[in-house]
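Given the structure of chain F, go ahead and fit chain P onto it with the hints provided.
What follows is each chain in one-letter form.
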Amino acid sequence: GAVVSQHPSWVICKSGTSVKIECRSLDFQATTMFWYRQFPKQSLMLMATSNEGSKATYEQGVEKDKFLINHASLTLSTLTVTSAHPEDSSFYICSATRETGVRNSPLHFGNGTRLTVT
Amino acid sequence: EDQVTQSPEALRLQEGESSSLNCSYTVSGLRGLFWYRQDPGKGPEFLFTLYSAGEEKEKERLKATLTKKESFLHITAPKPEDSATYLCAVTGANSKLTFGKGITLSVRP
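Sequence order for the protein chains is F and P. Counting from 1, one number per residue, gives the positions in the first sequence under our numbering. Counting from 1, one number per residue, gives the positions in the second sequence under our numbering.
So here's chain P without its partners, still in its complex pose:
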């Protein structure tokens, strides 16, 4: 069974304080790892897809990286508007998307 574990559960940062969110996974035949952002009361918003170890993607202050066992979402100089829950999900050989519980990020001004 595919599993996704995200840590920490919650993270509080000062504006401008860079950090990383971790996503550890076990999956049979990784076909894709996805990062989403979810605001309270909203559906997840797609951020990145990573397909193979060593791959990296960037968008504004966010950078996602992937190894064979985990992915990191690096946030550089975060702003209060980056506050949200960040979800990691994987698709394996069964083509089903398995989500982690998410990491709630709070950025203080």
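Excised from the complex, chain F in its bound form:
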């Protein structure tokens, strides 16, 4: 099956520093990847849609200058949390769909990154 790899699985950083999270599709090319954020016992909230070769599309309320997304190739998207603050501590999950042009094929998710900002 489709595999999405996310790295690192957890990271602790100091307030004010930046953290980069990588998301790779291992056995398929993904023109579109998605970044989600999940708080304990809450829904996954879509942050942004990452498009290969173009700018990401951010959801309302998500600061694009704080959460930088780069999708430089068909298998890699990165999320950089800039000038992190404790309130940015959360579980970040990326996802991708294997098929394009097919009616709403399912998203496959990475294993998430637990970010803790001290």
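Treat the hints with caution; some may be incorrect.
Said to hold, decoys possible - The calculated DSS-like cross-link candidates involving lysine-lysine, where the alpha carbons are at most 27 Å apart (straight line), are:
#1 Lys14/F - Lys68/P
#2 Lys55/F - Lys69/P
#3 Lys66/F - Lys42/P
#4 Lys101/P - Lys63/P
#5 Lys42/P - Lys101/P
#6 Lys66/F - Lys55/F
#7 Lys42/P - Lys68/P
#8 Lys79/P - Lys64/F
#9 Lys66/F - Lys20/F
#10 Lys57/P - Lys68/P
#11 Lys41/F - Lys69/P
#12 Lys96/P - Lys14/F
#13 Lys20/F - Lys64/F
#14 Lys14/F - Lys64/F
#15 Lys59/P - Lys41/F
#16 Lys101/P - Lys57/P
#17 Lys64/F - Lys101/P
#18 Lys96/P - Lys20/F
#19 Lys20/F - Lys41/F
#20 Lys63/P - Lys66/F
#21 Lys42/P - Lys41/F
#22 Lys96/P - Lys64/F
#23 Lys20/F - Lys69/P
Calculated from the structure, these hints are not laboratory results. Since the model is a prediction, treat every value here as computed from it, not as a measurement.
Only chain P this time, still in chain F's reference frame:
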């Protein structure tokens, strides 16, 4: 705005005790309803996609069904390894995936 409500919030079952998890939804132009399993500290794992009312999908002890307003995930004779959070999500006309908060299932041996 698309909405997904899952109930109950948590469910505790004895091993072998069958039950059902509910997902109620409102969506403009349903394009797909998805069930995922999520283990603690992990990303969601895809289980099923349902596209139209009346459709059913099965995998091992799990069976997903769909009506125009809700979906059920039936668990037959669950085992402790079925313990996880089960997420329901829908995609509507806006092509965005909207998740429910999930149902945390605990199966006691």
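Consistency of the hints with the structure:
1. Lys14/F - Lys68/P: With Cα atoms ~48 Å apart, Lys14/F and Lys68/P exceed 27 Å; violated.
2. Lys55/F - Lys69/P: 36 Å, violated
3. Lys66/F - Lys42/P: Holds - the C-alpha atoms of Lys42/P and Lys66/F are around 24 Å apart, at most 27 Å.
4. Lys101/P - Lys63/P: 20 Å, holds
5. Lys42/P - Lys101/P: At roughly 15 Å apart (the allowed maximum being 27 Å), Lys101/P and Lys42/P satisfy the hint.
6. Lys66/F - Lys55/F: 14 Å, holds
7. Lys42/P - Lys68/P: 31 Å, violated
8. Lys79/P - Lys64/F: 44 Å, violated
9. Lys66/F - Lys20/F: 12 Å, holds
10. Lys57/P - Lys68/P: Given pair Lys57/P, Lys68/P holds - Cα atoms ~16 Å apart, limit 27 Å.
11. Lys41/F - Lys69/P: 24 Å, holds
12. Lys96/P - Lys14/F: Given that 27 Å is the threshold and the Cα spacing comes to 34 Å, the pair is violated.
13. Lys20/F - Lys64/F: 14 Å, holds
14. Lys14/F - Lys64/F: 21 Å, holds
15. Lys59/P - Lys41/F: 26 Å, holds
16. Lys101/P - Lys57/P: Holds: Lys101/P and Lys57/P sit about 22 Å apart, inside 27 Å.
17. Lys64/F - Lys101/P: With Cα atoms ~25 Å apart, Lys64/F and Lys101/P stay inside 27 Å; holds.
18. Lys96/P - Lys20/F: Roughly 25 Å between the alpha carbons, so the hint for Lys96/P and Lys20/F holds.
19. Lys20/F - Lys41/F: The hint holds at about 25 Å.
20. Lys63/P - Lys66/F: Not OK: Lys63/P and Lys66/F at ~42 Å, beyond 27 Å, violated.
21. Lys42/P - Lys41/F: 13 Å, holds
22. Lys96/P - Lys64/F: Holds. Lys96/P to Lys64/F sits at ~19 Å (cutoff 27 Å).
23. Lys20/F - Lys69/P: With Cα atoms ~40 Å apart, Lys20/F and Lys69/P exceed 27 Å; violated.
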